[in-house]
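Chemist: Chains as they are written, first to last, in this note's numbering: chain V, 12 to 127; chain A, 1268 to 1381.
The hints are simulated quantities; they were obtained by calculation from the structure and are not laboratory data. Among the hints, a few may not be true.
[Unchecked claim] What follows is a list of derived Cβ distance ranges for each label pair:
# : chain 1 : residue 1 : chain 2 : residue 2 : range
1 : V       : Thr91     : A       : Arg1282   : 46 to 52 Å
2 : V       : Glu67     : A       : Lys1281   : 48 to 54 Å
3 : A       : Glu1295   : V       : Glu108    : 17 to 23 Å
4 : A       : Thr1269   : V       : Pro119    : 26 to 32 Å
5 : V       : Thr83     : A       : Lys1281   : 48 to 54 Å
None of the values given here were measured: they were computed from a predicted structure. For glycine and all other residues, C-beta sits at the position ideal for the given N, C-alpha and C.
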Amino acid sequence: AQKVTQAQTEISVVEKEDVTLDCVYETRDTTYYLFWYKQPPSGELVFLIRRNSFDEQNEISGRYSWNFQKSTSSFNFTITASQVVDSAVYFCALRSEKTSYDKVIFGPGTSLSVIP
Amino acid sequence: DTGVSQDPRHKITKRGQNVTFRCDPISEHNRLYWYRQTLGQGPEFLTYFQNEAQLEKSRLLSDRFSAERPKGSFSTLEIQRTEQGDSAMYLCASSSPTGNSPLHFGNGTRLTVT
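One chain only, chain V, in its complex shape (with noise of 0.2 Å):
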């Protein structure tokens, strides 16, 4: 069974604090790919960021980073010097494929409140 667990469900920050949102997840699969995706209060799910399963080195990009590790299943997303732009609702997921099997399974959510 694939899952995909967001523990946090809200998190507040002031706004130019740095803010880490934590994704773990579980699969048998061998290989797959993690992404996460925001959502503002517009309603429409935005990608981010992604990851194989078989490229554990972490990136940064902008004001976005991650931190992916195979061996605690996690895949967590950081925000640098946060801006009231980010506040929205960011979701982790998982996608795995087996021949035609594709199916990509979403957290439940993390609610980022950037407070001016």
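Add chain A to chain V, keeping to what the hints say.
Modeler: Structure of chain A alone, referenced to chain V:
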């Protein structure tokens, strides 16, 4: 790239009526997904297509739900005999077939069953 479009944006219907939603994916994407999202929850997988073939359907999906993608382009999702519990945001997404390709979502159709 015109993005994924969904129609209608909002639908209000009475319990027991049938409703149909349409999704137009990004033209070069051969995979199309339907998800349902209720308030405070993450998107819940319903079904997905590769071209015109429906490859998986969630076990949570009752027989009142049916989806089609007749020519591998646009897709429709029909709910028969709607119930109040069907009230939700119905999201469509598309992607290219490579594993690390992200899903691109439409704005969704918000269904309210009264």
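Chemist: It remains to establish, for every hint, whether it holds in the given structure.
Modeler: Status of the hints after comparison with the structure:
About 48 Å separates the C-beta atoms of V:Thr91 and A:Arg1282, a value consistent with the hinted range of 46 to 52 Å. Distance hint check: the CB atoms of V:Glu67 and A:Lys1281 are about 52 Å apart, consistent with the given range 48 to 54 Å. Here the CB-CB span from A:Glu1295 to V:Glu108 is close to 19 Å, well matched to the stated 17 to 23 Å. For the pair A:Thr1269 and V:Pro119, the supplied restraint of 26 to 32 Å holds, since their beta-carbon distance comes to about 31 Å.
In this structure the hint that V:Thr83 and A:Lys1281 lie 48 to 54 Å apart at CB holds, the actual value being about 49 Å.
Comparing the model with each numbered hint stated earlier shows that all of them hold.
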